[in-house]
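Going line by line, the protein sequences match chains A and B. Quick note on my numbering: the first sequence kicks off at 1 and runs consecutively. Quick note on my numbering: the second sequence kicks off at 1 and runs consecutively.
What the hints contain is simulated information worked out from the structure, not anything from laboratory work. All C-beta atoms in this analysis are idealised placements derived from N, C-alpha and C, irrespective of residue type, glycine included. Don't take every hint at face value.
Straight-line C-alpha distance at most 30 Å; calculated DSSO-like pairs for lysine-lysine [said to hold, decoys possible]:
hint	chain 1	residue 1	chain 2	residue 2
1	B	Lys117	A	Lys185
2	A	Lys185	B	Lys476
3	A	Lys185	B	Lys434
4	B	Lys144	A	Lys185
5	A	Lys185	B	Lys471
6	B	Lys144	B	Lys117
Each pair of labels, with its calculated beta carbon distance range [unchecked claim]:
hint	chain 1	residue 1	chain 2	residue 2	range
7	B	Ala431	A	Gly92	53 to 59 Å
8	A	Val111	B	Ala262	53 to 59 Å
9	B	Arg75	A	Gly277	34 to 40 Å
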Amino acid sequence: MRSKVVLRRLVRNKQARFGFIALILLVVLAYVGPFCGAYDWTDKDFMAFMSAPDADHWWGTTAIGQDMYAVTLRGMQKSIVIGLLVALISTGLAAIVGAFAGYFGGWVDRVLMWGVDLLLVLPSFLIIAIVSPRLREGASWLWFVVLLAAFSWMVTSRVVRSMTLSLREREYVLAAVYMGIPRWKIIFRHIVPNLSSLLIIDATLNVSGAIIGEAALSFFGFGIQPPDVSLGTLIAEGSRNATGYPWLFAFPAGLLVALVLSVNLIGDGLRDALDPGSNS
Amino acid sequence: MSILEVKDLTVTFPGGIEAVRGVSYEVERGEVLGIVGESGSGKSVTSLAVMGLLPKNAAVSGSVKLHGQELLGLREEELVKVRGKAISMIFQDPLSAFTPVYTIGDQIAEAVRVHQKVGKDKAIKRAVELLDLVGIPNPDLRAKAFPHEFSGGMRQRAMIAMAIANDPDLLICDEPTTALDVTIQAQVLEVLKTAQQETGAGIVMITHDLGVIAGMADRVLVMYAGRPVEQAPVDDIYYRPRMPYTMGLLASVPRIDGEEGALVPIEGNPPSPAALPPGCPFAPRCPMKVDMCDEEEPALVPFGGGRHVACIRAHEIEHKGLTGADVFPVPVIPPSEVVNVPRAERATVLELDGMKRHYPLMKGAIMKRRVGTVYAVDGISFDIAEGETLALVGESGCGKTTTLQQIMQLEPPQDGRVVVLGKDSATLDKAARKALRRDLQIVFQDPMAALDPRMPIGDIIAEPLRAHGKKDVAAKVAELLQLVGLAPEHAERYPQQFSGGQRQRIGIARALALEPKLLVLDEPVSALDVSIQAGVINLLEELKNRLGLSYLFVAHDLAVVRHLADRVAVMYLGRIAEIGTVANVYDRPAHPYTQALLSAIPLPDPEMERTRKRILLEGDLPSPANPPSGCRFRTRCPKFARLNEAERQRCVDEEPSVVQQANAVDHGAACHYAEEIEVITASDNQEEE
Numbered sequence: 001m002r003s004k005v006v007l008r009r010l011v012r013n014k015q016a017r018f019g020f021i022a023l024i025l026l027v028v029l030a031y032v033g034p035f036c037g038a039y040d041w042t043d044k045d046f047m048a049f050m051s052a053p054d055a056d057h058w059w060g061t062t063a064i065g066q067d068m069y070a071v072t073l074r075g076m077q078k079s080i081v082i083g084l085l086v087a088l089i090s091t092g093l094a095a096i097v098g099a100f101a102g103y104f105g106g107w108v109d110r111v112l113m114w115g116v117d118l119l120l121v122l123p124s125f126l127i128i129a130i131v132s133p134r135l136r137e138g139a140s141w142l143w144f145v146v147l148l149a150a151f152s153w154m155v156t157s158r159v160v161r162s163m164t165l166s167l168r169e170r171e172y173v174l175a176a177v178y179m180g181i182p183r184w185k186i187i188f189r190h191i192v193p194n195l196s197s198l199l200i201i202d203a204t205l206n207v208s209g210a211i212i213g214e215a216a217l218s219f220f221g222f223g224i225q226p227p228d229v230s231l232g233t234l235i236a237e238g239s240r241n242a243t244g245y246p247w248l249f250a251f252p253a254g255l256l257v258a259l260v261l262s263v264n265l266i267g268d269g270l271r272d273a274l275d276p277g278s279n280s
Numbered sequence: 001m002s003i004l005e006v007k008d009l010t011v012t013f014p015g016g017i018e019a020v021r022g023v024s025y026e027v028e029r030g031e032v033l034g035i036v037g038e039s040g041s042g043k044s045v046t047s048l049a050v051m052g053l054l055p056k057n058a059a060v061s062g063s064v065k066l067h068g069q070e071l072l073g074l075r076e077e078e079l080v081k082v083r084g085k086a087i088s089m090i091f092q093d094p095l096s097a098f099t100p101v102y103t104i105g106d107q108i109a110e111a112v113r114v115h116q117k118v119g120k121d122k123a124i125k126r127a128v129e130l131l132d133l134v135g136i137p138n139p140d141l142r143a144k145a146f147p148h149e150f151s152g153g154m155r156q157r158a159m160i161a162m163a164i165a166n167d168p169d170l171l172i173c174d175e176p177t178t179a180l181d182v183t184i185q186a187q188v189l190e191v192l193k194t195a196q197q198e199t200g201a202g203i204v205m206i207t208h209d210l211g212v213i214a215g216m217a218d219r220v221l222v223m224y225a226g227r228p229v230e231q232a233p234v235d236d237i238y239y240r241p242r243m244p245y246t247m248g249l250l251a252s253v254p255r256i257d258g259e260e261g262a263l264v265p266i267e268g269n270p271p272s273p274a275a276l277p278p279g280c281p282f283a284p285r286c287p288m289k290v291d292m293c294d295e296e297e298p299a300l301v302p303f304g305g306g307r308h309v310a311c312i313r314a315h316e317i318e319h320k321g322l323t324g325a326d327v328f329p330v331p332v333i334p335p336s337e338v339v340n341v342p343r344a345e346r347a348t349v350l351e352l353d354g355m356k357r358h359y360p361l362m363k364g365a366i367m368k369r370r371v372g373t374v375y376a377v378d379g380i381s382f383d384i385a386e387g388e389t390l391a392l393v394g395e396s397g398c399g400k401t402t403t404l405q406q407i408m409q410l411e412p413p414q415d416g417r418v419v420v421l422g423k424d425s426a427t428l429d430k431a432a433r434k435a436l437r438r439d440l441q442i443v444f445q446d447p448m449a450a451l452d453p454r455m456p457i458g459d460i461i462a463e464p465l466r467a468h469g470k471k472d473v474a475a476k477v478a479e480l481l482q483l484v485g486l487a488p489e490h491a492e493r494y495p496q497q498f499s500g501g502q503r504q505r506i507g508i509a510r511a512l513a514l515e516p517k518l519l520v521l522d523e524p525v526s527a528l529d530v531s532i533q534a535g536v537i538n539l540l541e542e543l544k545n546r547l548g549l550s551y552l553f554v555a556h557d558l559a560v561v562r563h564l565a566d567r568v569a570v571m572y573l574g575r576i577a578e579i580g581t582v583a584n585v586y587d588r589p590a591h592p593y594t595q596a597l598l599s600a601i602p603l604p605d606p607e608m609e610r611t612r613k614r615i616l617l618e619g620d621l622p623s624p625a626n627p628p629s630g631c632r633f634r635t636r637c638p639k640f641a642r643l644n645e646a647e648r649q650r651c652v653d654e655e656p657s658v659v660q661q662a663n664a665v666d667h668g669a670a671c672h673y674a675e676e677i678e679v680i681t682a683s684d685n686q687e688e689e
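So that you can see chain B by itself, here it is in the shape it has in the complex (with noise of 0.2 Å):
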């Protein structure tokens, strides 16, 4: 018997937009139900909906049954006794999800107290057994602990845990490791198995990444505009998707297994809830599209052996085995002709050599002391060859952010020397600077914040050329637009006019503005949907071919990573572990950190996600201002745990550099006891035969 029923849910909001329209669902017990959509598809609305968390002006019709039960409608005190107790949430932001003044182990006593009548001691001796069983060291002494006390993972752990205080029937987790770092994701969602396996719950897991939803779901519905638009079994939603959209979505993901060649971008954007075309709101889109889907919205209707499309064409594409590939339209990449040069014999555009960047830690409000050092970025080296594109990849706090700053700010470093386009930093003048920036430009990770929001777009991306004394910049700034793919019209409109993909592609226009030869990506596609996404990283790659250019590309994403870079740097902790080309460091990583890195990335590959062996690491980064001795990843290796006393020594005195592996030409790692070994097998064909 199922959980939970929800049938026909819809959600209006003032103004007639609707949310959410019609979604019908069951999760049975001890199932996985995965909710993938981008952002703005209502995914969201639908699990508030459900536990009756939406604000008061939002109309909810239709059903939700739990266990036969109506919780529609029902009053506040009745749902307060369903909250939290038969069905519990986990929000994204768990920073926001705790009270900041309580502690850890008080607030999660006071989720058991409020649903079982216990004693406050009985309550806590439970907090902290719960505080155990989601793997956080020291329970008894953590759960006295404050929020700000606990790192991110850590704290989405303690969520888990009060979330399953009442042993829930079901559990909702909104987007529950988006917020986190992949090795911490990694983790998280190894303790929300056991967190299942232990209650017994039927989970809804709602995200965009179809990767994590590959490895935990059983069962997927798919959401485009407010409505399912396909469910089924997670193995026929990946190999046999039988709407066009989920094809898209599928085929627009890069993939950390994948080949080389261009992703295919869903053109356009998701229609507005308020203006919803006529018929299949995914028609505008669609390639597949025939007049008849302007008619009327297809209904979500039985396909057989479980599956549900919402497609008039779905049959044709089951007959004719079509696959994403096949449908949308593989963009054209024109090669790059550099490329043809042998590196060596290309010019250097940067290069670094053991650039440091400490800050001082101080403390008193008045008489400031200095109470320590945060070592950010401590020596680090490496170049990038004219047309190639480096990627410097790691968790947060790792330092690439700094290392970015630093080589931006064009001043010398506080040790080593950054050299830009041949030029070191330290002997740059006042107008010798000025000039360079010409030359190096960069493109921000959030495309809201990257552009001033009381700027129209013409302005914007003419700043640069007046800036460097351009004064006729119209026509410019027509074929900057036109560039990147946007109308020359819409200069006189402000970014927030726009969409995240075209506002991302306006902040590359500003950056290519003055025809710069390096440019240096921060995390340019991380805040993207992923269909947009594919588009923006495609217009990325044929810009550096067409243009020339070379990048120095930031990234967590490792799969955005091995399809844009010829190079990667992997950084932990201010230090580079490892460096080398793509095919290197992906196929053949040395180090330990790369290779639990790579295997805590989850794959959109159901088959693969359940066959795999992750390399999971305990615990958290170490504060960059108190690194451990010696090499700075002992504390977490897994390699580390395996390696006989007089070893260990070895990594616990001697910091290890980064040193050429023997039989690469292009490959280094910072381990003692480097060892290649294959982490991702290579994939087959994804899709079915």
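Chain A extracted, bound-state conformation (with noise of 0.2 Å):
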């Protein structure tokens, strides 16, 4: 009844239908959007380097001549299946350990913890740094994906197990045990669902950072590899000449913010439509 009642609710929130209507949109335009343009994302202009948008080039070009249009939109498929599954496995490991640890206490919190620890000290850059060669064939970038999601969880699922501890001593959880259900049960019926507001805000957050993040590591070598390209790559590029040639930042930059956008309208969307406390 409950998965039933918040669809209900968050069909009717105003917030997650623009939200998820934007989010396809972006997603169309970023798979379907490069068979409308004249060029291919690997094609170089000769005639047009650095060439402000105009009819032939929608977005402008690049300082090799590649066409920002096909460029970008290359850029974003990646983007948008890095930020998404970064997000979505990050946050899901956060609330799993976090959960875990802070209901079940004694040995299972003292190990779980002893590994977020050990993760957190761990220079993550380092760890990926030394991983990521060896993983170069086949689907790297899904490599990628779990290295970065593996590092980016920790914070959070320490916040989930101290708001656990407080959760686990509530009455309804108590109920829920003298009913005879089992623990694991109780965790994901009753302690997640009660941490949602946290874990999607933590979700949103984490969409728009693995994007920046991927930009990062992929400077330094790790992660999408030049000539692939990623929305996180352009920008890093692109802000280096932002004020000269702004086509180059505006639009991987504007393109970034939607999608982040557009993730936060359903990630309020769902948390209204989770919390029986909004009316809108």
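Fit the two chains together into the complex; they arrive one by one in their own frames, and the hints show the way.
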């Protein structure tokens, strides 16, 4: 019954509707858009370096004559997948580890939190740097997503753990225990939904965090490698010339903002749908 | 001349929420005005408005005059001179009313120095005097203690000391004893009376407890939906109420001296201040409602004899001499069939035998070492027969909740036995434990916390059904909702869309989903308003009779217990002090603690309150980590004080066990010198003839 009620509230929520429409439009733009443009993202137009947007190159060109429209959309394809997947994995991991540690306590708590502390002190950049060259073959970007996610969930899981500590003493959790409901079920049914506000905010922040973080790693030669592009690498490059050649920066940055904004709207809508206190 | 004069006070919060709508009253020197009403009736907001303590976005109009000086609209600097000097306030929660980082003595001294030009040492001296006045032992030492080192009752005393530090003309007490245990409440009310005699101040006493008002107040103001609906001298309110709401309120209170029978609930809920009905705000719940009630809100008009009533049918009530029981329909509760069988022949559903629960007291961060033991429950035994209600009563910290948790966990106890429906919890395996949970369910105290706020109530009620493998739950959920008096269409709503009483009904529906045989009730009505409470108590009684349930009922409210229970066990510091049938324990209590407990309960009957002699207990509950040797009650026992040296030695050396009283069938007390006395005189007809 809960899923039905939440879904109905979500559909009725204006913010969530706008968010979903915007996200779908962005995905359609990323995957269908390249077919509408005149250039492929690998094409180089040697007649137009750094040319401003015009009828031929809709969003201008780069220093080596790449069509910004094609390149940006190509980058966005990668970034949407990376951003959403990293956010999903890292928030999910944070919720599960934090809630189990907090709810079970004792040695489960100690082992899990020891792992969290270990990951927190390990220089994540170094590990990714060491591991990622070995993962060049095959679906390397998937590995990359896993690595990015693996190093971004620890702080949230600590917060989740401390919130779980207070939730597990609530009478409705006790009531579930006295009903004979298994403990892992209690975690997913009573603990996690009551942390949903925190988790949703965390996930939406993680989307933009992953996209930007991916760019920083790309800069050092890990993750998405040239000639392949992502929104992050485009923004990093474009920001250097943002004042002189604004189209190099404005389009990828604008799309990132639109992407994050739509995810935010969906997140807000989902939070309202899950939270019976809001009547919007 | 009156000290405080409030005229047409209205308070409106943003969003057009009229919390207070035209309150007028006067308080004279040495007079106690009681303001009663249910939660949300605007009684606290009224007093905050008088003190000028409301948030800035609240629009306050009308007039508040102290000694003829208008307080509303006064600048903050002017108000500060009045606050704490001429008017003082005592708050409900004594824990949050003190700053934790300063000593009690310093905080009282500060209150003195703010309004009087005295030196620091003199102020401290005055603080010690004040602490002595409110009955704090070793005041010069205790003045140097921090708030967390004080118990709840002591903090409230210190609060009173601080309030009377500057000889105020008016004391506003906002639910001063609601958070305290009955024996402590009796002490604090006594201190409050002393404080009044000492200062000669007028008191405005705000509470929902009709018993406290009966014992303290000279005049009473009854509030409903932000307006006073009746105002009269205390005797008139209690014996001759003329507004149906007051009548209903008085009829719905379970009485410790009352006879058996269904309570009279007031149907429905108080209106939301944002959506008031057009006419009389009580009309939707009033059984005497006529069409005229919906036309216009009746004003509070003089009724003769210093009484004011806001009801168009007040004269009719006066003329016919109607009482609450006449006006409000008394629900009929079908009798139970099980009780016809003698108790000895009925099956035992729960048996506790010498059960113990001790907690280790640890110290140290990394290397934990045991520094002591908390004897939370220290060997208690009782049993519950089929179709019976056993009440476990006692003050906070006596081990009731621990007992209950131990039973609900169905784990082997540290010592002794817990036998539920013939199965010993020590011998249960996982599958058997889960199967047994079907027959053992619980209803929690706080209806707010006991329901997952993120789950629609349909899911909440279906949860136990699904957990025990039922597939088609929708029909059963609808049936359960109807059983507890809610509409099946509400299944998709969230808990917070319901009022407290309704939420408690949902909790009961959830507990009944698996058709248990034994229901554990953990203070099921203590968080509810009286008019709502009566309905839930009736529901519990009806369900018990209809479904043949047995209850283990944990409560601190002895009046509710008397009404609902068949047998009662009084706990003190992890041990049972007295156990027996309700009639035996209440009418002929044998243990000094039970006697004190019963005598401490305020009765909603002014005349009896005035003539009653209280057995006041000294001090607070000792720590369960360090209980006294021998009889645990001896440190506070009024009887112990009257014994001679040889007799006392027995109390110190030998721990008494529960011994059956000689002339009773089912009545045991754990006292070496048990002696039955009558503490509550049976009430005559509470209303006038």
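Consistency of the hints with the structure:
1. B:Lys117 <-> A:Lys185: Between lysine 117 of chain B and lysine 185 of chain A the Cα gap is close to 65 Å, so the pair fails against 30 Å, i.e. violated.
2. A:Lys185 <-> B:Lys476: holds (22 Å)
3. A:Lys185 <-> B:Lys434: holds (15 Å)
4. B:Lys144 <-> A:Lys185: violated (50 Å)
5. A:Lys185 <-> B:Lys471: Status holds; Cα separation ~17 Å.
6. B:Lys144 <-> B:Lys117: Judged against 30 Å, a Cα distance of about 22 Å means the pair holds.
7. B:Ala431 <-> A:Gly92: 53 to 59 Å: Cβ of alanine 431 of chain B to Cβ of glycine 92 of chain A: about 32 Å, so the range 53 to 59 Å is violated.
8. A:Val111 <-> B:Ala262: 53 to 59 Å: holds (56 Å)
9. B:Arg75 <-> A:Gly277: 34 to 40 Å: Holds, since arginine 75 of chain B and glycine 277 of chain A (Cβ atoms, about 38 Å apart) stay within the stated range.
Violation of the numbered hints given earlier is confined to hints 1, 4, 7; the remaining hints are satisfied by the structure.
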